[in-house]
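These protein sequence lines map, in sequence, to chains A and B.
Residue numbers are given in UniProt numbering: position 333 of the first sequence equals residue 333, and the series is strictly consecutive.
Residue numbers are given in UniProt numbering: position 138 of the second sequence equals residue 138, and the series is strictly consecutive.
Hints are computed from structural coordinates only; laboratory data are not their basis.
Check each hint, because a few of them may be wrong.
Copies of the same chain look alike in the list, so a pair counts if it fits in one copy or across any two.
[Stated by the list, open to error] Listed next, the in silico DSSO-like pairs over lysine-lysine satisfying Cα-Cα at most 30 Å (straight line): (1) Lys674 <-> Lys628; (2) Lys91 <-> Lys584; (3) Lys109 <-> Lys584; (4) Lys703 <-> Lys91; (5) Lys672 <-> Lys259.
Number of protein chains: 2
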Amino acid sequence: MDRNNYNDFSQEADIENDGGRRGCGGVGVGVGVVDERNESNVSSYIQREAALTEVLLKSRVNNTSQIAIIGANVCPIESLDYEFVENEIFKQDWRSRRRVHIIQYLFLKWTLALLIGLSTGLVGFLNNLAVENIAGYKLLLIGNLMLNDKHYQAFAAFAGLNMILAICAAALCAFIAPAAAGSGIPEVKAYLNGVDGHSILAPSTLFVKIFGSIFGVSAGFVVGKEGPMVHTGACIANFLGQGGSRKYHLTWKWLRYFKNDRDRRDLITCGAAAGVAAAFRSPVGGVLFALEEAASWWRSALLWRTFFTTAVVAMVVRSLIEICRSGKCGLFGQGGLIMFDVNSADPSYNTPDLLAIMLIGVLGGIFGSLYNYLVDKVLRTYSIINERGPVFKVLLVITVSLLTSCCAFGLPWLIKCTSCPIGMEKECPTIGRFGKYRSFQCQPGYYNDLASIFLNTSDNAIRNLFSSTNEDEFKLSTLFIFFVAIYFLGIVTYGIAVPSGLFIPVILAGASYGRFVGRLLGSTLNLDVGLFALLGAASFLGGTMRMTVSLCIILLELTNDLLMLPLVMLVLLISKTVADSFNKGVYDQIVEMKGLPYMEAHAEPYMRQLVAGDVCSGPLITFSGVEKVSNILHALRMTGHNGFPVIDEPPFSDAPELCGLVLRSHLLVLLKGKKFAKNQVLTGSEFLRMFHAFDFAKPGSGKGLHLEDLDISDDEMEMYVDLHPVTNTSPYTVVETMSLAKASVLFRQLGLRHLCVVPKTPGVRNVVVLSVI
Amino acid sequence: MDRNNYNDFSQEADIENDGGRRGCGGVGVGVGVVDERNESNVSSYIQREAALTEVLLKSRVNNTSQIAIIGANVCPIESLDYEFVENEIFKQDWRSRRRVHIIQYLFLKWTLALLIGLSTGLVGFLNNLAVENIAGYKLLLIGNLMLNDKHYQAFAAFAGLNMILAICAAALCAFIAPAAAGSGIPEVKAYLNGVDGHSILAPSTLFVKIFGSIFGVSAGFVVGKEGPMVHTGACIANFLGQGGSRKYHLTWKWLRYFKNDRDRRDLITCGAAAGVAAAFRSPVGGVLFALEEAASWWRSALLWRTFFTTAVVAMVVRSLIEICRSGKCGLFGQGGLIMFDVNSADPSYNTPDLLAIMLIGVLGGIFGSLYNYLVDKVLRTYSIINERGPVFKVLLVITVSLLTSCCAFGLPWLIKCTSCPIGMEKECPTIGRFGKYRSFQCQPGYYNDLASIFLNTSDNAIRNLFSSTNEDEFKLSTLFIFFVAIYFLGIVTYGIAVPSGLFIPVILAGASYGRFVGRLLGSTLNLDVGLFALLGAASFLGGTMRMTVSLCIILLELTNDLLMLPLVMLVLLISKTVADSFNKGVYDQIVEMKGLPYMEAHAEPYMRQLVAGDVCSGPLITFSGVEKVSNILHALRMTGHNGFPVIDEPPFSDAPELCGLVLRSHLLVLLKGKKFAKNQVLTGSEFLRMFHAFDFAKPGSGKGLHLEDLDISDDEMEMYVDLHPVTNTSPYTVVETMSLAKASVLFRQLGLRHLCVVPKTPGVRNVVVLSVI
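All chains should be modelled from the sequences, with the hints used to inform the complete structure.
In structure tokens:
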């Protein structure tokens, strides 16, 4: 409450009569200031509030009234607005819209979907190609040094190369685009919920995400490239939807059709789905991921377009892999994009199998919720370090890189060598040749099973863990050490300033304990250990991410084994249920912790006890239908509100009445146009000739007109401007006695940014605007 | 307009002042009366109107102003209401709800999902078992007679048995539950959109659907058991959700939690998904079907529960099949639930392959849209016959049965015999043994390829068509004749009074032309003809049903071959795009033709030019906060409205103001309770002690209190009743100048049944209720 009131989220007018209930709950949240009042807690649900320079949101984690400001995300956020602004301009445009425009629009829509698919597929493939080659040659070098018994040189080379790659990734992230750090899925999820964080989808973020991810994964961190691919897909969609970068004059006129939040949201949904499709070669999984995890609004037509995009991705990736088959792609053999072979025999299972599977499900739930808890704690600690500046970010990355190198290189020494199984000699490495196993410190003919998964690319490690050709491939101790190491490395790695996906660490840890359980109970079980590894991965994924159908499909598309479906479903059901009883999914947790004001689909129970009027505060700023320029400028300058009710008064109407809602961005365009009149007269028709709907199209985030762009002379200040043509005459309204729960459902279901609260008692003309900034 | 005004869909009051705009578009639609006025056309979109005894809806098919009344469906329909009725009773209940209630509720929710899964799985399995055995023994008898050259006896037995089975199915349908005819998917789709047709989900419908489907499919009709399974699943869900049948005193007290439209809708969504899962052994496909095709409202939590249900179905079906493996299930071998083996080698394709696949996609689109067009025409013709009475229905079924028998038995004579391929002798039938091929009129060692698909169960026929073991298995002429026959038999069969799914006819026809194209271009192609048959089936499914992701998954789960995914996607994309340019999907078409007032997610363009006030008509009936009993009874008797605005007047408020909305069903309970007062006083608190929220729970369709159940004396007529405790004080409202497009989006997105239209000008207290009956 000690901050300027510019971030009051709601406004209220009180022109003829004070209706009694108003003035409650002015909700300004200041840095470090804890507002214990119930109203503020309430309103943090219905509003998404941000000052123009800082995210000042109350953490909703556990009502401990902490202020969560994550270093990398002290950036302006803005809400998206999915409402049709039905003003005169819009209606004129609607009437004049010819068939040819509709065809242009449809053509563009599908072309964009195609382009998103093509680019995401290409980027996904190149990402894999780069990672497989960089990491591959690095590991080959170490392997050769080890075979020649140059152990210290090998470690130096390993740690050194890892650190160089890590520094590259961290530098990109810390200095160019801090928004590219982390998985990116929470940010995309928040965007699709209506929270537009600054530079979340900017071209610079795209650039850093692609290259940072390549360097980060190659640097041997326990991170995946899957989460970043989702973010990359969304960035590509945003980039294409904007028709390129305006900064570099790469825009395309036709794309003005897409200059609104609705179409942008659809494109980005397609992009996120394309990202998953490219990361896992899982087109259907991509669609379902977008549907289940990413998107907050969905419609059937979008299913269809998303499906098209992911189909294109699948085609592109497939053809590129086809080209690589001839061996032109270096170490990227069949490997790159994970596609695992599991035992494809029809699995028949007995009761001990089912019990073991249930155990895995329970373990997955427990490990998963603990993982989420620890990730949250670590992220909060890191955010303190990361806030100090880019250099500290890089230092943190170097520390974690060293720790990872030490673990990966040090732990395999604890393991005794295993002799190469008979008939599988070609899997054992010799100098200059890659096999499935790594010899590490062992003699020829022997291999180190821990090194085979630790000193390998993550895709190969997973493939080894899922493999069912050799049941005794991994010792129990190996699996145990690997699980513990990956579990904790995964936790400490997420949150450093490199693009880092969570899928791969989770799959690795899950597969290792799945295989552990499988081996432990080996004699009583029917199913082979490879399948248990798969089920372990499924259980841990379910326990951390809490997705169901999409995970199921992604795993099936990865393993190409539909007969596993019932078992995977069972495991996911158990692990999700167990984990849900402890905490939230990891992405939801990160969204919350980053202070992104995510709006849940359901109203909180206590909101049923309050009415919309209870969360309103004043003073309300309204405009007349024909308003003085100076008044408008003053209001824009004094408040951060993005919407203002317009009240028609005599002589323009018989009695004062709500005309509609006018948006700040539209006011700015209007003032920039300087179509002013000396007197208070209607100038609507002139105005309509002068402006076109596209002048009012919403530019990308942070690119609109600003107050400083206006240059209004003193004479003009005293003139009038007719607001009717830009006033949305159909704003959604609720009566002040409407329960808060229902009002919040309205906000969320219709994707609103503003909601007018109208009085219940006639004769009193108060209009209140609940809004999300 | 010549009908009583009882089906005016909207009401309007005009107490102090006539606002000018009112009185427009009184929308009564009478039998055979065409209302050419624009308003009525408009309002048919925003309203769903039905008289109490007849569906009197304007067909929206092609604006030719036809009245579509389908014989079997002249039944009352009612809208569902997904709004939380936030009245005093609800709030009291909400406050008193203890943790134990929530746990009870959750427990029940999941138990019900489990039960739905178990029962649907069981029913699906038994259905298959019965069909495979009845049809199997029938075909075995014919086969033996044919091998003994008793051709006439064979035909007589074939046609006779088919007819007996057909009559059984038709009699059940015509006399017991007419709503069980047809696929059932359109009705379930409409239900989930908010249209509750009478007896669509009744226990009698469930009974007839199960047995009618068994008889119908066994009778050799070109119908599937998949559509009916979806309907069966939905009926089972409804039955369980009601806690059994109240008629037979099989109810369970706890289930009162589920006595509202929201929970019922969720259960039925689960049921529909379980139906698909049981029909195709496709759990993920079931979830996606429910999401893409069936449901109009969706939320993440439901995905999770639906997934659980289908997982249970998959488990049940799997275990039952496991039991059958030992051969205890008669002719139900591995056969029953379709699960096809296609060539599982990694398909590599070249340009001619892709061109051929695109051709199949285009053909699928054209054939599909033509199919929909013809089905629509045939259904309209049949409805004239079916309207005449149950006997005519049975006669129509007999005619179609004879036609089918003649085709199935007659057409194979046109085909020359083929010699049994070397090495596949065991597939050729001898007396008493089943093989893949049918000998029909041929000598031992030869087979008739058309008979092999025509005189076979549909699952086996599809398996034959998809088979890739013998490329020359089917001659071009065979495939052509089969395609033409199935295409037209499929069209004339749908719409007769038996439960009839569309999936199987469409898959059969699609597979035959797919294989035809594959064989025709055989020499230039890489892929084998079995895969082309699969792609043909996909294309035709896409062309008729216009689903994408769910079809894709269902086909993949059927064939267990994920590597086909990109090709199936391509084919579906092409065929849907082509077909969409001609007409709507077959289910949407049937919904439309049956006069079920389905509400689309999107507003029609012209609705942007109108405002909510434009589609209002009068007179409005309102109640005071404390109203005279006689007034209420009069209003209930004179109108069919289901919601009435309550206006508080002095002395209960300072000025007249909208208090909320009261529902007809709640008024009936209130009047039944007879808690009246002599004077106009507030009796709310007494009232709350007397009633419990469950007294106001919404019973199943057609089971609520009726006006005739009330017994009010003349004295009581003059007394007053306090409506405040049952008034929903938070109805959604729009201002009268809100654009109609936005108002309709509100209706659909929030699942409303009533929407209050409030005046723009203060001082004028008109409240209009737009409603869907």
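How the hints compare with the structure:
For the identical chains of this complex, Lys674 and Lys628 are intra-copy neighbours only, at 12 Å inside a copy versus 60 Å across copies, given an alpha-carbon limit of 30 Å. Proximity of Lys91 to Lys584 under the C-alpha cut-off of 30 Å is restricted to the inter-copy arrangement: shortest distance 29 Å between copies versus 44 Å within a copy. Taking the closest pair of Cα atoms, Lys109 and Lys584 come within 30 Å of each other only across two copies (21 Å); inside a single copy the shortest separation is 36 Å, beyond that limit. Proximity of Lys703 and Lys91 under a CA criterion of 30 Å is satisfied intra-copy only: 25 Å inside one chain copy versus 46 Å between copies.
Taking the closest pair of Cα atoms, Lys672 and Lys259 come within 30 Å of each other only inside a single copy of the chain (19 Å); across copies the shortest separation is 57 Å, beyond that limit.
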